Amino acid sequence: MAIGGFLFSLLVSTSTLAEPPSTAQQPLLMQLTEVKLSKALPVLQQLETSTGADMMVLFKTMLAGKLYYVKEDRSLIVVSKEAGETRYSDLFSAEPRHDLSKKQVKKIKVNNKLRGYLRESIARMQLHHTDPEVRVEAVRSLFSDLDKPTIELIRTARLDEQSRSVQAVMDVALALYRVKHAEDATERLEGVNALQGSLEPEVRNQLTLLVANDPARSVRKAAQKGLDKIAQQAEMYGFINQLFFGLSLGSVLLLAAIGLAITFGVMGVINMAHGEMIMLGAYTTYVVQLLLPEMIEYSLWISVPLAFLVSGLAGVLLERLVIRHLHGRPLETLLATFGISLILQQLVRTVFSPLNRQVATPEWMSGSIEINPLLSLTLNRLYIIAFALLVFMLLLLVLKKTSLGLNVRAVSQNRNMAKAMGIRTDRVDAMTFGLGSGIAGIAGVALSQLTNVGPNLGQAYIIDSFMVVVFGGVGNLWGTLVAAFTLGIANKFLEPVTGAVLASILVLVFIILFIQKRPKGLFPQKGRAAE
Amino acid sequence: MKIKHLVTGIALSMGATVFSVSAIAADTIKVGVLHSLSGTMAISETTLKDTVLMMVEEQNKKGGLLGKKLEAVVVDPASNWPLFAEKGRELLTQEKVDVIFGSWTSVSRKSVLPVLEELNGLMFYPVQYEGEESSKNVFYTGAAPNQQAIPAVNYLKDDLGVERWVLAGTDYVYPRTTNKILEAYLKANGVAEEDIMINYTPFGHSDWQSIVSDIKKFGSEGKKTAVVSTINGDANIPFYKELGNQGISAEDIPVVAFSVGEEELSGLDTKPLVGHLAAWNYFQSVESDANTDFIAKWKAFTGNPKRVTNDPMEATYIGFKMWTQAVEKAGTTDVDSVEQAMIGQETENLTGGMAYMNKNHHLSKPVLIGEIQEDGQFEVVWETEGLVAGDAWSDFLPGSKDLMADWTAPISCGNYNVVTKTCSGQTY
Chain E
396 MAIGGFLFSL
406 LVSTSTLAEP
416 PSTAQQPLLM
426 QLTEVKLSKA
436 LPVLQQLETS
446 TGADMMVLFK
456 TMLAGKLYYV
466 KEDRSLIVVS
476 KEAGETRYSD
486 LFSAEPRHDL
496 SKKQVKKIKV
506 NNKLRGYLRE
516 SIARMQLHHT
526 DPEVRVEAVR
536 SLFSDLDKPT
546 IELIRTARLD
556 EQSRSVQAVM
566 DVALALYRVK
576 HAEDATERLE
586 GVNALQGSLE
596 PEVRNQLTLL
606 VANDPARSVR
616 KAAQKGLDKI
626 AQQAEMYGFI
636 NQLFFGLSLG
646 SVLLLAAIGL
656 AITFGVMGVI
666 NMAHGEMIML
676 GAYTTYVVQL
686 LLPEMIEYSL
696 WISVPLAFLV
706 SGLAGVLLER
716 LVIRHLHGRP
726 LETLLATFGI
736 SLILQQLVRT
746 VFSPLNRQVA
756 TPEWMSGSIE
766 INPLLSLTLN
776 RLYIIAFALL
786 VFMLLLLVLK
796 KTSLGLNVRA
806 VSQNRNMAKA
816 MGIRTDRVDA
826 MTFGLGSGIA
836 GIAGVALSQL
846 TNVGPNLGQA
856 YIIDSFMVVV
866 FGGVGNLWGT
876 LVAAFTLGIA
886 NKFLEPVTGA
896 VLASILVLVF
906 IILFIQKRPK
916 GLFPQKGRAA
926 E
Chain R
190 MKIKHLVTGI
200 ALSMGATVFS
210 VSAIAADTIK
220 VGVLHSLSGT
230 MAISETTLKD
240 TVLMMVEEQN
250 KKGGLLGKKL
260 EAVVVDPASN
270 WPLFAEKGRE
280 LLTQEKVDVI
290 FGSWTSVSRK
300 SVLPVLEELN
310 GLMFYPVQYE
320 GEESSKNVFY
330 TGAAPNQQAI
340 PAVNYLKDDL
350 GVERWVLAGT
360 DYVYPRTTNK
370 ILEAYLKANG
380 VAEEDIMINY
390 TPFGHSDWQS
400 IVSDIKKFGS
410 EGKKTAVVST
420 INGDANIPFY
430 KELGNQGISA
440 EDIPVVAFSV
450 GEEELSGLDT
460 KPLVGHLAAW
470 NYFQSVESDA
480 NTDFIAKWKA
490 FTGNPKRVTN
500 DPMEATYIGF
510 KMWTQAVEKA
520 GTTDVDSVEQ
530 AMIGQETENL
540 TGGMAYMNKN
550 HHLSKPVLIG
560 EIQEDGQFEV
570 VWETEGLVAG
580 DAWSDFLPGS
590 KDLMADWTAP
600 ISCGNYNVVT
610 KTCSGQTY
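Residue numbers (our numbering), protein chains in the order written: chain E, 396 to 926; chain R, 190 to 617.
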């Protein structure tokens with residue numbers, strides 16, 4: 396109580412500009428620079444409850460791994476890197492220290508145990524933060540460690556809490572504590588009733604414990620009721636989650652396959668170098684980030700058109716130099732493009748090294764949206780689903796509404812007739828191939844956010860791409876869309892049951908059987924064009 | 190007449206060739222390097238090839254060995270497992286090398302083993318592996334499971350209070366055996382069946398959504414959970430990324446990995462990995478004179494100030510040093526003499542202290558656990574008190590509990606059964 400009371404008073408003194416540490420804190424801070432990692436926790440605990448300067452800034456800097464000390468006088472400083480430049484500043488006064496260099500300072504080490512403590516401690520201090528969302532998060536991160544002083548803090552904070560959402564989580568915290576520690580069965584029952592409707596994992600764990608151990612039957616019954624409700628909800632959200640995973644995998648398959656749906660599907664060229672076109676797109680993203688290091692946030696938007704151009708150009712060259720001469724000889728085309736795929740891989744190995752390259756994820760694509768404790772959707776996947784659909788729509792528009800699209804369709808349906816109509820089939824072939832390859836390049840930009848950018852990137856997707864196009868029906872873009880999402884969802888629903896290895900095997904077996912039954916895929920082309 | 194001339198000519202030239210070969214052989218000691226320089230494993234193995242070349246160069250600067258120069262013979266098995274056997278044979282029969290440094294994956298080692306035993310070659314294998322093997326012709330300078338996996342689990346259990354375990358691995362022999370050992374070890378330590386989750390994924394797996402969400406669910410049931418990862422190479426980055434995106438931090442569910450080192454992290458976006466753990470016998474960040482020296486030499490040799498060092502490099506370093514010491518002790522490069530001279534050799538670890546070669550052809554080394562830092566380096570958070578002796582046959586598997594390896598007389602056996610007192614005499 397004393398601790399809680401004190402902390403409370405510490406927290407309300409909203410000192411933004413940190414004051415210098417008090418005489419009681421000085422020796423502790425000194426200790427922090429000397430103590431072994433395993434003995435640092437008690438020092439931090441004493442610091443949290445000490446009087447004097449606000450320790451928030453210390454804890455936050457330490458959590459971020461930016462806390463250093465000057466070897467000479469053991470004073471604490473913050474070392475941060477901004478745009479490649481290292482900056483030193485005093486911890487408490489925030490004044491820059493230009494006199495320091497890398498050799499004069501030493502890092503104060505942090506490990507997971509300390510990080511856990513720091514996070515909790517910061518949460519305790521943040522119960523009165525001005526932003527209600529921060530307060531909600533603060534309370535939630537305290538759920539796992541509700542001891543008496545923490546509960547007292549929350550109880551006092553609850554008294555003048557205005558925000559509904561913060562009140563709700565605080566009530567859950569108080570109820571959690573009550574069901575755990577109250578002697579009186581009715582009080583525990585009240586607690587259990589207050590917990591109804593909350594989906595927090597801690598609530599579920601507590602209820603499970605009560606069902607198993609509580610001496611009072613009424614409490615056990617109420618807890619069971621709560622658990623049943625949670626289980627029901629969990630099942631529903633679990634289903635939604637899996638559906639989302641499936642859609643996300645489907646969107647990746649769609650992106651990888653859609654370029655192939657044009658080159659293989661529409662033109663009938665078996666292009667084994669398709670995967671390498673994806674790889675080129677991914678490397679374009681890498682080069683863009685390398686050349687514009689301060690524009691990581693926009694790098695993807697810059698990369699999309701560039702990757703389209705790079706891969707598209709590579710595609711046109713490939714068509715002009717190789718595939719054109721092998722027209723109508725699928726086996727030779729297959730071998731030639733396979734050779735080219737190996738050449739491209741080795742080229743990338745020589746130019747960029749065989750190691751995987753780093754492609755940074757922009758801030759706006761990291762993290763997830765938490766809809767409730769049981770369901771959160773990761774942002775990068777959400778963006779990629781949207782992006783895949785956008786690319787699909789654009790491609791459809793190009794094929795349906797532009798003169799290039801008209802030509803492409805004409806040539807693919809009847810080459811000789813199209814020629815007779817005055818269409819330059821040669822040019823159309825090159826453009827089509829460039830379009831398909833360019834789209835593969837765009838897919839590479841998206842995939843660079845999900846997987847490793849390395850020489851083998853393309854190989855990982857070439858089989859999947861062919862699988863999707865063949866399953867969907869050659870020459871049908873909608874078929875590709877349906878096939879990609881079907882396979883993605885099927886894979887993700889199988890995975891929890893069978894494991895990842897068996898799931899992909901089962902999907903392949905399914906496709907083999909399906910092709911036996913319907914060799915032309917889900918949506919076969921009809922009419923004379925199909926002959 | 191003509192024919193006679195021809196015959197003498199051939200005989201003469203043959204004599205000359207034989208002579209020239211023996212002249213070269215007398216001048217140099219040949220060191221074979223059997224690491225993939227192309228294909229998927231090139232990423233990791235080229236580094237080790239360079240390490241051996243650096244060590245050879247250094248030894249030659251010191252005047253070579255037994256008064257002769259060392260000569261490195263590099264071949265490329267191209268990440269193709271059967272090719273390891275072929276190239277190994279080439280090294281031993283055509284190049285007549287005195288020692289081989291090579292292999293990374295267990296399957297490549299298993300592929301070259303029969304050739305080594307048939308031709309009585311000598312190989313140093315520098316990578317952490319699943320154990321359950323001890324050949325007369327191989328010295329294992331990487332970690333056995335009890336030098337990496339078991340100390341890591343002990344650290345999680347005792348220091349972090351972990352009670353629930355996810356054993357996640359790529360689907361091949363090393364993770365499967367390691368996880369079998371770990372599962373047996375955990376159960377022997379009173380961990381219940383339902384507190385262990387085992388998961389395998391294919392090579393290069395990149396879609397981790399459902400698995401990470403399962404881990405999250407598994408870890409939210411009230412007990413402290415950790416992931417023990419034997420996930421291989423490429424698949425790691427998407428895995429850690431997904432953990433970060435689903436909001437799982439290293440404090441909630443720490444991941445301890447056995448295949449993630451400095452080399453794998455170099456030049457990668459390490460943000461999602463910070464705070465996660467790795468267990469090795471060596472970290473570049475360990476401060477010691479030997480290590481500082483080694484890193485400086487490595488950077489100078491490769492001409493790249495950003496090149497990092499890693500655990501298999503240290504294992505190569507220790508293996509090479511011990512081999513030179515053993516050759517000096519034996520006074521010859523003859524395989525049988527060197528093999529006996531190797532046992533009991535001591536050399537300095539780069540992290541301080543001495544490494545010791547045991548009778549079972551495995552090393553005694555310290556075990557370190559490090560947390561990944563933002564710069565791709567590791568901060569050591571825990572280390573074993575003393576050295577840990579590599580155990581060829583795990584004590585936690587029913588099949589290998591009673592087995593031990595001892596290559597000194599009178600046992601001289603790689604799989605001696607201490608109960609029946611027999612040597613199975615198994616070769617590979």
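There may be inaccurate statements among the hints.
To be verified - Chain E is faced by these chain R residues, among others (derived, beta-carbon under 8 Å): (1) 388; (2) 394; (3) 423; (4) 426; (5) 443; (6) 568.
None of these hints come from the bench; they were simulated from the model.
It should be emphasised that the depicted structure is a prediction, and the values quoted were computed from it without experimental measurement.
Ideal Cβ placement from N, Cα and C applies to all residues, glycine included.
Hint-by-hint comparison with the structure:
1. For residue 388 of chain R, the interface hint holds, the least distance from its beta-carbon to any beta-carbon of chain E being 7 Å, beneath 8 Å.
2. Here the hint on residue 394 of chain R is kept, as its CB sits about 6 Å from the closest CB of chain E, short of 8 Å.
3. The beta carbon of residue 423 of chain R is positioned within 8 Å of a beta carbon in chain E (closest approach about 5 Å), and the interface hint is therefore held.
4. For the restraint placing residue 426 of chain R at the interface with chain E, the shortest Cβ-Cβ distance is roughly 6 Å, inside the 8 Å limit, so the hint holds.
5. Residue-level restraint check for residue 443 of chain R holds (minimum Cβ-Cβ distance to chain E is 6 Å; threshold 8 Å).
6. At about 6 Å, the closest approach between the beta carbon of residue 568 of chain R and any beta carbon in chain E falls short of 8 Å, and the interface hint on this residue holds.
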